[in-house]
Amino acid sequence: MKTFRLVFMILIMSGLIFQGRAHVCWDDLEFKQFSTPEGLPNSMVHQVYQDRDGYIWIPTFYGLFRYDGYEVRTYKSNLYTPGLLINNNVLCVEEDYSHRLWIGTHEGLCMLDKRTGKMKKLQLDGVSKQRLNEIHVTKENRVYLGYIRGMAYYDEMQDTLALMTRKNCRGDVPESVNIQTLFEDVNGDLLIGTWKDGLYRYCIKENTFLHYPPLDEENSVLALFQDSRGVMWIGTSGSGLYKAHFSSDRKTVSFEGYRHDARNVSSLPSDYIYSIHEDLQTRSLWLGTREGVSVMELADEGKFINYQESGSTHYLPVREVNTVFRDRSGLMWIGTKGAGVFHVDTRKRSFNVIYPRGNDKSFTDLISTLYVEENGALWIGMGYGLDYQHGDKKVTLFPSKRPYHISYSPLTREVLLAVHDEGMIVCRDGQIIHQYKTSNCGFVPHDLVYLVHEDRKGNRWLCTYKGLGVRYRDGREYCFNRLSRADELLGREMTTMVEDNDGSLWLATNNNGIVHVTGDMERPESLQCKNYCMENGLLSVNTPLCFLLDRSGRIWVGTEGSGLCLYDVQNDCFKSVHKEFNLPGDMVGSMQEDNSGNLWLGTNQGLAKLTISGKEKGRVRIFTVADGLADNFFNQNASFYRDGTFYFGCSRGIVTFNSEVVEEKHADISLCITDILVDGRPLEQMSDKKRKEITPFTSDFTDRLVIPASYSHFTICFASLTYNRPQQNKYAYRLQGFDADWHYVDASSRTAYYSKLPAGEYVFQLRATNENGDWGDVREMEIIIEPPFWATWWAYFIYVLLAILFMVLIWWEIRRRLLLRNRRFLQEGETDKVHHLKLQFFTNIPSDEEKFLQDAVACVNRHLDDPDFDVPQFVDEMATSRTTLHKKLKSLTGLNTTGFVRSIRLKAACRMMDENPNFRISELAYKVGFNDPKYFSICFKKEFGMQPTEYSMKSGKNA
Numbered sequence: 001m002k003t004f005r006l007v008f009m010i011l012i013m014s015g016l017i018f019q020g021r022a023h024v025c026w027d028d029l030e031f032k033q034f035s036t037p038e039g040l041p042n043s044m045v046h047q048v049y050q051d052r053d054g055y056i057w058i059p060t061f062y063g064l065f066r067y068d069g070y071e072v073r074t075y076k077s078n079l080y081t082p083g084l085l086i087n088n089n090v091l092c093v094e095e096d097y098s099h100r101l102w103i104g105t106h107e108g109l110c111m112l113d114k115r116t117g118k119m120k121k122l123q124l125d126g127v128s129k130q131r132l133n134e135i136h137v138t139k140e141n142r143v144y145l146g147y148i149r150g151m152a153y154y155d156e157m158q159d160t161l162a163l164m165t166r167k168n169c170r171g172d173v174p175e176s177v178n179i180q181t182l183f184e185d186v187n188g189d190l191l192i193g194t195w196k197d198g199l200y201r202y203c204i205k206e207n208t209f210l211h212y213p214p215l216d217e218e219n220s221v222l223a224l225f226q227d228s229r230g231v232m233w234i235g236t237s238g239s240g241l242y243k244a245h246f247s248s249d250r251k252t253v254s255f256e257g258y259r260h261d262a263r264n265v266s267s268l269p270s271d272y273i274y275s276i277h278e279d280l281q282t283r284s285l286w287l288g289t290r291e292g293v294s295v296m297e298l299a300d301e302g303k304f305i306n307y308q309e310s311g312s313t314h315y316l317p318v319r320e321v322n323t324v325f326r327d328r329s330g331l332m333w334i335g336t337k338g339a340g341v342f343h344v345d346t347r348k349r350s351f352n353v354i355y356p357r358g359n360d361k362s363f364t365d366l367i368s369t370l371y372v373e374e375n376g377a378l379w380i381g382m383g384y385g386l387d388y389q390h391g392d393k394k395v396t397l398f399p400s401k402r403p404y405h406i407s408y409s410p411l412t413r414e415v416l417l418a419v420h421d422e423g424m425i426v427c428r429d430g431q432i433i434h435q436y437k438t439s440n441c442g443f444v445p446h447d448l449v450y451l452v453h454e455d456r457k458g459n460r461w462l463c464t465y466k467g468l469g470v471r472y473r474d475g476r477e478y479c480f481n482r483l484s485r486a487d488e489l490l491g492r493e494m495t496t497m498v499e500d501n502d503g504s505l506w507l508a509t510n511n512n513g514i515v516h517v518t519g520d521m522e523r524p525e526s527l528q529c530k531n532y533c534m535e536n537g538l539l540s541v542n543t544p545l546c547f548l549l550d551r552s553g554r555i556w557v558g559t560e561g562s563g564l565c566l567y568d569v570q571n572d573c574f575k576s577v578h579k580e581f582n583l584p585g586d587m588v589g590s591m592q593e594d595n596s597g598n599l600w601l602g603t604n605q606g607l608a609k610l611t612i613s614g615k616e617k618g619r620v621r622i623f624t625v626a627d628g629l630a631d632n633f634f635n636q637n638a639s640f641y642r643d644g645t646f647y648f649g650c651s652r653g654i655v656t657f658n659s660e661v662v663e664e665k666h667a668d669i670s671l672c673i674t675d676i677l678v679d680g681r682p683l684e685q686m687s688d689k690k691r692k693e694i695t696p697f698t699s700d701f702t703d704r705l706v707i708p709a710s711y712s713h714f715t716i717c718f719a720s721l722t723y724n725r726p727q728q729n730k731y732a733y734r735l736q737g738f739d740a741d742w743h744y745v746d747a748s749s750r751t752a753y754y755s756k757l758p759a760g761e762y763v764f765q766l767r768a769t770n771e772n773g774d775w776g777d778v779r780e781m782e783i784i785i786e787p788p789f790w791a792t793w794w795a796y797f798i799y800v801l802l803a804i805l806f807m808v809l810i811w812w813e814i815r816r817r818l819l820l821r822n823r824r825f826l827q828e829g830e831t832d833k834v835h836h837l838k839l840q841f842f843t844n845i846p847s848d849e850e851k852f853l854q855d856a857v858a859c860v861n862r863h864l865d866d867p868d869f870d871v872p873q874f875v876d877e878m879a880t881s882r883t884t885l886h887k888k889l890k891s892l893t894g895l896n897t898t899g900f901v902r903s904i905r906l907k908a909a910c911r912m913m914d915e916n917p918n919f920r921i922s923e924l925a926y927k928v929g930f931n932d933p934k935y936f937s938i939c940f941k942k943e944f945g946m947q948p949t950e951y952s953m954k955s956g957k958n959a
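Per full-length UniProt numbering, the very first residue in the sequence shown carries number 1; after that it's consecutive.
Certain hints may be false.
[Said to hold, decoys possible] SDA-like, lysine to any residue: derived pairs with alpha carbons at most 25 angstroms apart:
(1) K689 / W775
(2) K730 / W775
(3) K617 / D668
(4) K941 / F919
(5) K348 / E374
(6) K437 / V426
(7) K954 / R821
(8) K756 / H713
By construction, these hints were calculated from the structure, which means they are not laboratory data.
Can you make the complete structure from the sequences, with help from the hints?
Dropping the structure here:
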């Protein structure tokens, strides 16, 4: 810190502009406008309000608008939504604790149920005019209404509006009084500001009104606010600002006023105060007036800082400001009459910006490299030229050349410079003491030197356009592109390097990946090289930009295209971890490590802090211009770290900060489902009947979505409700049961689209970051994809029943036909025909084979009642071999020898039963050569599909 303070003094003394951020600088507030050119449908704004979900609501002269940081949804009566509101001139809104949004219009009250999307209109009986100026919801969820002709409340039990009169209230009831504003103080009382009737107090617990004495002749109260100290402020119409001092019993009050003074630029800009709110970050009171915005620091009461269209040093292109409002994140909102809305972030910044060469914020030169010496001397390399600043001494070196790198030799206490086409330059105290070029030494391969590195032994290594060079501490000099035994990789264009803990060197090439140099560094001929590049799959890109050796000995590489990469020792390759850590952009140009082991990365989309160890391992915190950075793009190798202070160079100056005091704002992330579209149509545009089939709730309150089979696709829209830099938000979603991994998208792609999903149950998961990269909790929604009627469970049940019935019918038909066929075959009297049909004996059989078959049948018939007639005897009588008999019977009948004999016996049994149906089955079995009647019955049923008794009975009936 001592060094940092010294540098600070040097910069101030030397004329550098050091933009401090330690306190509020009212000149530097960046007001962002949101009006009709930016998408707000109407710029005549009455109020700015944030609901409990985080949406910003903007009531205007011509409708009510909901803003999510990206898009606007309109609520008004028109040709698309006729009769939605009583009147499109919306004056005020407020949400209760039941998710109901109360909407006050010029013609009365509307109530929007945010859960169902239903709009309800309510009229107040007993008043001549329905104009509603103010709505207030108490901590007990009671709704009070300030009308132009009195005050009312919503009766929850009766679901009606009740006018507050002397009949139902006590004290000085403001009957028929024009109510302008309502405010609930810390005691739970309502303070009531009126037009021309001053200030009232309503004690809710006692149901009693108290009317205070007039403030002044005008006696019109337009705004009420109680600050964080408990002080009540009153904005009036024409009488300026009052500070109220109430007695302990709150029955009396005195006023201290502040008025506009044309002679005093620090007075109020106008005596018409429409709105009051406090900025807790700056402890200041913000006032919306007829002549712009006025800010008063509570520590300096009576002194006003005025933001106006003219007549002020603080410019703001507005005149009449109807409302000022602070949202949950601390942004201050300004609603105007004609210029839409503005918002501004007043947070204190943790970052400082150095603008070299005496320039201010208009500085746009490239910071190419930088270095801070221990004595506070500052070296700054720019697009052209190198500046040295130390005390009163200012030196510019090489004004027409680009510096690439600045390093320091602890052995010789010299600064080593690498400048375009100037070789290696050695400096001390801002003066060149020696310059090494190809013409005067033997270790500079080319005068275009990108980096000079002095290793732990004092050897100086050069990365140049034509490869690597080295000058050893003992005086030896080598150019590796000239060494005959050197690896050809060492002759390629080298841009930067880092020395590993083991003394080996990691070199970054220009579009050839990374080269790892190992071996005895004192013997250049013995060095070995390995290339890590896209071609061999060891590096995902060929464009390394910077290296970092962390305190754990890990090698980190910043690349262009694959972002941050880490060396995997086990697999000997570099793996991109950029996507794994959800880092911004796709480039890391500079890296530093702080005292806690965190990595600070200069990317093409901001500055990232990566925690790589401990409980928060993997946590990323992103800083952008919204946090006070000069730019979101950080240059290659233009960073430095000393004594707790970081220096990062960009195209708009040098960002400096202390990592220990960088304010990290942890805010709850309001992640909302802004819309659901089914077949391209939003839920809100569907008929009630169709929408209820999908969900009975609005998009943001839907946790179960049912997609009927008649729809083919759906889209879920979402937003993280931040408003300062919403384009910095990141999102991730997946559909469990369908997606294998998370889908990561940026703010320009805040939709999830799914088409033709298989029927089933899924879970949609969604998460988001805020503007600084902090990931919030996962939000889930159950999604049911209904099958078509033909694919439902009951349809499948019917299909199964039909299939079973069909199979039964087929089985019954087959059995019927089989029985019918067997009966027909058996009833035919001609044995030869029966043999022909059943055994296919005579299908295309030549005459010799026919005779053989007839002899075989006759042979079996001769031994029909002989149970001992077997195959050997059959073979002998047929005067052939066993094999020949088997083959011929098989080819002619399809039966083997045993099956053929059995078939002849069974056919004979059928003939006998046809001739005599009264045959006993046992007798019949013996007559056809079966010893066992049971076995005979089994064979008969297998052959003909019925028992012999069944056949005998049918044969008898037929006879």
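How the hints compare with the structure:
Pair hint K689 plus W775 does not hold up; C-alpha atoms about 38 angstroms apart against a cutoff of 25 angstroms. At most 25 angstroms may separate the alpha-carbon atoms for a hinted pair to count; K730 and W775 meet this at roughly 8 angstroms. Restraint check: the Cα-Cα separation between K617 and D668 comes to about 20 angstroms, which is no more than 25 angstroms; the hinted pair holds. Our distance criterion of 25 angstroms between C-alpha atoms is met by K941 and F919, whose separation comes to about 17 angstroms.
Between K348 and E374 the CA atoms are separated by roughly 29 angstroms; this puts the pair beyond 25 angstroms, and the hint is violated. The straight-line distance between the Cα atoms of K437 and V426 is roughly 12 angstroms, inside the 25 angstroms bound, and the hint therefore holds. Proximity of K954 to R821 is assessed by CA-CA distance (about 14 angstroms); at most 25 angstroms being required, the pair is judged to hold. For the suggested pair K756 and H713, the alpha carbons sit about 6 angstroms apart, so the restraint of at most 25 angstroms is met.
Hint violations for this structure: numbers 1 and 5, all remaining hints satisfied.
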